[in-house]
Amino acid sequence: MKVTLTVNGSRWSGDVPARQTLCDFLRDELELTGTHVGCEQGACGSCTILVDGEAVRSCLMLAVQADGTELTTIEGMGEPENLSTLQAAFLRHRAFQCGFCTPGFLASAAEILGSGRRYSRQELRDLLSGNVCRCTGYEPIVEAVFECQR
Amino acid sequence: MKPPPFEYHRPETLAEALTIMAAHGDQARPLAGGQSLIPLLAMRIVRPIHIVDLHRVAELQQVSVADGRVSIGAMARQRDIEHDPRMPGLVRAAVPHIGHFQIRNRGTVGGSLSHMDPAAEWPAVALALDAVMVAASVRGRREITADDFMIGPQMTSLEPDELLVEVVLPIRNDGFGFAEVTRRGLGDFALVGAACQDRAVVVFGTGLRPQRLRAVEEFLNSGGGTRAEVSAVAASEIQATDDIHTSSQYRREVAATLVGAVVEEARTRGGVA
Amino acid sequence: MPKVGTDDRELLVTGRGRFIADIAPDDCVDVCFVRSPLPHAVIRSVHLGSSQATWGAELGLQPLTLEAGAMVTTLWHPLPTERVRYVGEPVAMAWGAERYEAEDLAEAVSVDYAALPPGTPLHDAAPDGVLFSRSFDSGGVDDAMARAHLVVERTFKAARQSALPLEGRGVVADHDETTGVTTLWTSTQLPHLVRRGVAHALGAPESSVRVMVPHVGGGFGLKATLYAEEIALAALARRLGRPVRWIEDRTENLLAGTHGHDTRVSLRVAVGMDGRVHAIDADVLADVGAYSVWPGTAVIEPAIAAFSLFGPYSLEAIRFRARAVASSRSPVGPCRGIGHNAAVFATERTMDVVAAELGIDPLELRRRNAVRDFPWTSPTGKELDSGDYLALLKRLEVESEYQDLRREQAVARSEGRLIGIGISLFNEITASGSEDYRRRGVTSVPGTDAARVVVTTEGRVEIYTSAADAGQGHAETYRTLAEREMGLRPEEVAVIEGDTAICPEGSGTFISRGAVGVVESVVEALRKAAKEDFEPGTDVTHVHDPSQVYPSGAHLVVVEIDPVGLVPHVVRYVAIEDCGRMLDRDLVEGQVRGAVAMGIGEMLLEEHTYSEDGQLLTSSLRHYLPPLAPDVPAVEVHHLESPSPNTALGSKGVGEAGTIGAFGAIANAVADAVGALGAELTELPYSPERIFLAARSKPSA
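Residue numbers (this note's numbering), protein chains in the order written: chain A, 89 to 238; chain B, 897 to 1169; chain C, 89 to 789.
Check before you lean on any hint, since a few could be wrong.
[Stated by the list, open to error] Take a look, some chain C residues computed to stay more than 12 Å from chain B by CB distance:
1. GLY228
2. ASP230
3. GLU241
4. ALA287
5. GLU404
6. GLY469
7. ARG494
8. GLU546
9. ASP650
10. GLU695
11. ARG778
[Claimed, not checked] For the chain A half of the interface with chain C, some residues (derived, Cβ under 10 Å), not all of them:
12. ASP103
13. GLY122
14. GLN129
15. SER134
16. SER172
17. ARG182
18. PHE188
19. GLY202
20. CYS223
21. THR224
22. PRO228
23. GLU231
24. GLU235
Quick caveat, the hints were computed from the structure, so don't treat them as lab data.
The C-beta atom is built at its ideal place from N, Cα and C for all residues, glycine as well.
Assemble the whole structure, with the sequences as input and the hints as a guide.
What follows is the structure, given as structure tokens:
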């Protein structure tokens, strides 16, 4: 199935098997392994990316459904020498330990912060309830996102 | 967990989609938002030979208002209608409970209704609003009442070649109540829930499909009573089964308590309760 | 890729880490396992269905003999050819260019099973199912019971759970024909022990296996076991002559990754009029699943549970029997807390029952019973190295504003709200040295930790250790140590873990030994290198055999239970922790918060259940429920430091304390909230269903 899409600003065009999930396409075809696979059932949020600016579980999309879309993955959000504001906040607040859930949280947080609204910490906990973290106890993640709200 | 092989179709029009459905019948499954279907594919619980991706069919994404009713295209996303002022108040109360916002970014109204998860919000809301489901096939359109539409988990009265194309709801901005119990906050799946629109009362998460509580409705119609009395009538009417998280006793009793709450909420919101 | 150079944190936060699923050598095939659908059956025949499949009979793997002192000797076949003992046990493998194809080919494998009747013993050597039994009697228990003012008797059950790291297991294996070395990348906490086990199973020398650990997305004990899949992939790589890869999915992780806990503790305690607990008589029964795993064995859960009972309290006499019993369920391995979870649950609940019976405030009861003078030897011979339990309780009282909390609770209760306050006092065993293993009869595990310091020709200091990081911040810790103890600048220091070819042999990372044995080794190795002035060419190794040390803590939890759905919520959590001398306060707090979150999950949400016919009902995250952000409050962490005299820096472990303390404090908080409604809760987790049933049944006499 022929698919054309944009990933982190770069255009890609080619054939994808119909049954390949979007997260597998990103990881195996494009070698963007920063998007992690935690459950393949949409329950953990590790695979969350931005599709046309909206946070989506990439394990719950087929690659073919992404035809014509603009994708942003963790690789497009910042680099070690040029961290995004949120990534720098995550570092400062120690909002990760093993780092496996982090790309998913950053994508979800990107949509939350993109709304421009200022949420309370409690509201942020609710908004972040679609992403599982097993290491941090969530507190430092909430603090990092809270701090980045304008 | 990877999906098994299938043939993928991406129709551009409804007519095209219906032709494909007619050709392949029960070997074809429509793909809407994918939030329910793709996990089933990944676990190979369902093995359709044909997948019909509906996201290019613009006709299915329309929302329109006529004669005091709102018609929601089956492919309208939860996210799109969540704050749409044309939606009945009960819908706007229930949609924020549907999964997490990431799920609502892709999930569709029609997808949720067709999937018929007994703990899902949309089937309960449709039942409480006396929604009309519009099904289409190459043989034409037909209207199905919500109650006739829902059979059980992943079972609807759609024929193998039919697609749900629209759901039609009355526009009501008052007289509603909604409540559900979850274990882990707002977006978590419901253990049990209740919905009320005027004197229509529904419980969900209690059995194989949402249940209209006719005895409760009769009770309300003949004057009603206190919250506790309403709950007592509900408790004697609710047919509950056990599931992995909760027993039938829990589901019946807690749902009955929620019924009392949503009926009271509907009353305080004015309208016909 | 073992971690080298500066912190990996910038890599991880930008998604540039390298986890096992990110490793895909050229020409690699993906493997899918065919797993037993039956709980206990004989394998009659296997039809592979394609040329891209194999099973145990073709791979010629050696079984492992599992023994440990009081444990029955059993055999474990990594890929059984005769008998399967739990649903999910791996039996065959199929492979393809990608996992998609491998799954298609796995479906073509057909195994003919003959189900064995329920009740058929799983292991011939254990006809009654008991794999391990150990009794202990200090003497004096019966006298104490006879003299007691009050005897309290209760049985508690900790649930079967999963450590559930967010990243599942995975293995990449590649065999080099020229060198004869099989390289195994695996998401493990035990690189050297995996090497040992894999080599043994292959019938090959250890030198022919190299284990490398990538970035690991959490372990929590689930990755501290040698797995059949590791052995099978190594064997397949040798057979195929090309790299092979297996990345487990979440169903496999829940089904075939080791489970945790599933321990029942029956207690009888002899109490004086003043609330002093003089003696306990305990029976600990752990359901350890189908096999004893390695290196942990079936011993750790029941034995550690038994030895941890009433840990911080000055008992005079103790008698216990600890047993491990096999069942057709997933094997139980180390799972954050190991044994302490069930022990602290039982102990702390019993303390609150005693407090209620005697009308003594729970905090005061603990004050009266806490060990005061250190070192202190328990009736079981456990030597508590250091601690200040009264200070923990005092600090808890102050930081939580305990008296105010009780007043607020009274007000809330008068309004009909279900508010509960619970506390726990606990200590735990961290680190285990060779003596502990030998005492158990385990000879195949060294029990030591090691560090090697090399100074390169450019003058860079490289620290290699036997540990494996799964997110705890090892590199950061050692660099901080190197700076504090030796004045070395962090940029000058590289940390490498997770490569058996260059890292010194040791136990890996579990039982919170990192801050004990590994840190000790690092410090001693640095000191040795300092004696040589950190000259280029320095290459020194220090092996440390740690003795057990005892961190401790006191927790307080406030729980509110929604009166409609009876859903419990933790609304406040205060943790006073004492892990000896802190190496890095931020890392300590991170561990405590994460461990508390896991404790909340395990106390209120997480549970594995099986159907009547042995099927795991909780093999997806829709049914096995980890805690989410709204479930975990902002934990208030406070620190005390009672340095251990047994370690060079006085540090003790901290990775598990948060979970352990939660098993007492949350249990007591929920009991406090619903106590008035009905019967006691004694089975975990405290789900809405269990609370509902307790509220509907009669209160106990």
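To see whether the hints hold, each was checked on the structure:
no. : hint   : verdict
1   : GLY228 : holds, 45 Å
2   : ASP230 : holds, 42 Å
3   : GLU241 : holds, 28 Å
4   : ALA287 : holds, 32 Å
5   : GLU404 : holds, 43 Å
6   : GLY469 : holds, 43 Å
7   : ARG494 : holds, 28 Å
8   : GLU546 : holds, 47 Å
9   : ASP650 : violated, 7 Å
10  : GLU695 : violated, 10 Å
11  : ARG778 : violated, 10 Å
12  : ASP103 : violated, 15 Å
13  : GLY122 : holds, 2 Å
14  : GLN129 : holds, 6 Å
15  : SER134 : holds, 6 Å
16  : SER172 : holds, 9 Å
17  : ARG182 : holds, 6 Å
18  : PHE188 : holds, 3 Å
19  : GLY202 : violated, 19 Å
20  : CYS223 : holds, 5 Å
21  : THR224 : holds, 5 Å
22  : PRO228 : holds, 7 Å
23  : GLU231 : holds, 9 Å
24  : GLU235 : violated, 14 Å
Comparing the model with each earlier hint shows violations of hints 9, 10, 11, 12, 19 and 24; every other hint is respected.
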